[in-house]
Amino acid sequence: MDIKGFDDLFAKARMRLLQLHYDSQTGHLGGNLSCLQTLMVVHHLTMKPEDRFILSKGHAAGALYITLWSLGKISDQELRTYGAEGTSFPVHPSGNGIPGLLFATGSLGHGPSLAAGLALSAKQRTQPHHVYCVCSDGEWQEGSCWEALIFAVHQKLNNLTIIIDQNGLQGFGSTQEVISCSDLTPRLIAFGANVQQGSGHNSASILNALSQKSTDRPNIIVLNTVKGKGTHFEGKIESHYLPINKEQYDFAQVSHTHEQVK
Amino acid sequence: MRRELAKEILANWNLPDVFFLTGDLGFMALEEVKSTLGTRFVNTGVAEQNMVGIAAGLAREGHKVFAYSIAPFCYARPFEQIRNDICMANLPICLIGNGGGYAYGAMGPTHHALEDCAAMSALGMRVLVPAFNEDLGPMLSSFTAPTYLRLGYDARPPKTAAPAYAPWRQLLTGSRGVLTALGPLGGVAWGALQDLPEESRPSVWVASELCTQLIPADFYDQLSENHPLYVIEEHVAAGGLAMHLAYAISQNKLPCGPLRHHYALGYPSGRYGSQSFHRAECGLDANGIRQMILAEL
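Chains as they are written, first to last, in this note's numbering: chain A, 1 to 262; chain B, 1001 to 1297.
Since the hints were made in silico from the structure, they are not lab data.
The reader is advised that the hints may include incorrect statements.
To be verified - A short, non-exhaustive set of chain B residues, derived as facing chain A with CB atoms under 10 angstroms: (1) Met1051; (2) Glu1061; (3) Gly1062.
Claimed, not checked - Here are some, though not all, of the chain A residues that point toward chain B, as calculated from beta-carbon distances under 8 angstroms: (4) Ser113; (5) Ala116; (6) Leu118; (7) Leu120; (8) Pro128; (9) Glu147; (10) Ile150; (11) Ser214.
Glycine is no exception: its CB is placed at the ideal position from the N, C-alpha and C atoms.
Start from the sequences and build out the full structure, keeping to the hints where you can.
Written out as structure tokens, the structure is:
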């Protein structure tokens, strides 16, 4: 699939994500929109069938479900149960019975260690597969992320790529306001990772960053993104929590359609 | 028991798909495990949350994993990783907490593990508390699910042989009620009561798994309304052996006399010392156990 073909597919997935959140009246749309393109690029254009994936920012489960739906691994009927009573697709993934999901995530800071464990296993068995893990930027306030990074650098886990969705907003403020860290890049470099940067809203940029893999260090890709991109609460903290009403849903659909046309 | 653990790992677990992780502990005990397992022995550093996450990642790929630290650092610091990453995925990982209860003595309260069995049991983990060195082999032979192994010191009386392993075992016969001890305290009770005549002592049992479904019928048959049920455990009362046992007795609608319960009281004097010091403060030493029995005569 070429980039153009992929971007058409991504546009369709983005519309379906909006519908998912509107129909289910669930929050976390902002952090789902900021990483959807990344998840789509990783799954459609990068991962081999044997590769592993962990969504450490479990609150973006909707974006992952949509990605799996776009791959034909989840049906539309299943998707319609998202967040509903008796669903197998809760707002944070259970890790149980969903193709490609290995763990229950949603409490931040778990994914990097889990991914490092998967990568260590592959190294031990000299298996060629690669492990991808998507985190949020606020998540790196959890000490366990740095524990995992120290370990991964020491073990030379070059078969591990951690992607950070750096949208700059967290639960109750911006990352700059809360913890004086609007860009994680220098800290990650200081810890010894192979760090690449890019735009999380540009498929070519994401692909380029994913292609710059180290031969002896874990890879971290910091993707700058906009939380709630293309919605009425784009770049606002409200996009972390609030569901959208009909008017806001219509606005987002028009906004994304215009962006696609451009 | 950590040296016996090392022997057990070397004897039966040096297998291609087995990893042994440590949170930077095991000096003068795990050196041979380290050299023998090679790249499958991984010191994950002073980072217990990461150790448990790494263990979960490995186990998700089909490895069996041991993850070792001293007991309090093993279960308390990475509690959420144990819950979310191990238990929710039902992975074959054995967390090994060395020095349960007051075993680290004068190292101070941060190094004691008094509520570990309750916490791990509440997550649905299999909780193993060996009483004797020989227990480790049979205990771990069926290790297939999330497991917590609390290591202590074998405290059997001199010149005695440990009975063959069973999750619940009788150590002494007696006709004045039943005493049940958690793990190593079984050996302490055995030594404290073995010279009393049978008619003056309770039968003495040791529980090495905190699972009441494993209690044999023989144990229940010895309960009586006329004599106390004694429970001793180097663990807090909440969620410990006595509470598990009381629940089982109630569920099975069995007759039972009054409960006499000695357990970890924390630090009643506000002072710290050896494991023996703390056990004595809680009536968990040989003298305290003996006095508890003699008081009923």
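Status of the hints after comparison with the structure:
The interface hint given for methionine 1051(B) is met, as the beta carbon of that residue sits about 8 angstroms from the closest beta carbon of chain A, less than 10 angstroms. The interface hint given for glutamate 1061(B) holds, since its Cβ lies 4 angstroms from the closest Cβ of chain A, which is under the 10 angstroms cut-off. A least Cβ separation of about 8 angstroms between glycine 1062(B) and chain A falls short of the 10 angstroms threshold, and the interface hint therefore holds. Checking serine 113(A) against chain B: minimum C-beta separation of about 2 angstroms stays under 8 angstroms; hint holds.
A cut of 8 angstroms between beta carbons decides the hint on alanine 116(A): the least distance to chain B is about 6 angstroms, and the hint holds. The restraint placing leucine 118(A) at the interface with chain B holds, with a minimum CB-CB distance near 4 angstroms, inside the 8 angstroms limit. The criterion of a C-beta within 8 angstroms of any C-beta in chain B is met by leucine 120(A), whose closest approach is roughly 6 angstroms, and the hint holds. Below 8 angstroms, beta-carbon pairs count as interface contacts, and proline 128(A) has none with chain B, the closest being about 14 angstroms; its hint is therefore violated.
Checking glutamate 147(A) against chain B: minimum C-beta separation of about 4 angstroms stays under 8 angstroms; hint holds. Because the closest C-beta pair between isoleucine 150(A) and chain B is about 7 angstroms apart, less than 8 angstroms, the hint holds. Here the hint on serine 214(A) is broken, as its CB sits about 20 angstroms from the closest CB of chain B, past 8 angstroms.
In summary, the structure is inconsistent with hints 8, 11 from the numbered list given earlier, while agreeing with the others.
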